[in-house]
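Just so we're aligned: the sequence shown equals residues 433 to 557 in the numbering used here.
Any given hint might turn out to be false.
Unchecked claim - Computed beta-carbon distance windows for the label pairs:
1. Q450 / R544: 18 to 26 Å
2. Q531 / Q552: 33 to 41 Å
3. Q525 / C474: 15 to 23 Å
4. R544 / R436: 31 to 39 Å
5. E477 / K530: 30 to 38 Å
Hints are computed from structural coordinates only; laboratory data are not their basis. We put the beta carbon where it would ideally sit given N, CA and C, even for glycine.
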Amino acid sequence: MVKRLTQRQREIVELLCQGYNVGGVANNLGISHYTVRRHLACLYEKLGVKSQVQLVVLYLNCRSRTEEGIHDSRDCQSILSQREQEVWSLYQQGLIPKQIGEELCISASTAREYLRRVRQKLDNV
Numbered sequence: 433m434v435k436r437l438t439q440r441q442r443e444i445v446e447l448l449c450q451g452y453n454v455g456g457v458a459n460n461l462g463i464s465h466y467t468v469r470r471h472l473a474c475l476y477e478k479l480g481v482k483s484q485v486q487l488v489v490l491y492l493n494c495r496s497r498t499e500e501g502i503h504d505s506r507d508c509q510s511i512l513s514q515r516e517q518e519v520w521s522l523y524q525q526g527l528i529p530k531q532i533g534e535e536l537c538i539s540a541s542t543a544r545e546y547l548r549r550v551r552q553k554l555d556n557v
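Just need the whole structure built from these sequences, with the hints factored in.
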């Protein structure tokens, strides 16, 4: 999967993996956030994902498996629950836990707990 991406697509996904949101990716690469969003739309279609969270998880899983010698992208399954994906996606868009909680009708402390679990899972990938 990683080899199917263009250099720019890899740069964008790598920055997302480092925790940058769309604006941060744009600033880091010296391009507009509209260009980043266009690249993301192409990536979603190319890889069959629907969110930044799914993109990052798929990329990290596949990169890890490729490094281990496993090249079958079917092995790359999402490790996050639906709610974890929702929380992570909002966080990647720049929302803080309080705003995430308001958006998803959960408390800010619950949003922080989801973020903690997501980071833990991603660190173990």
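field: Hints the structure fails to honour
entry: Violated: hint 2 alone.
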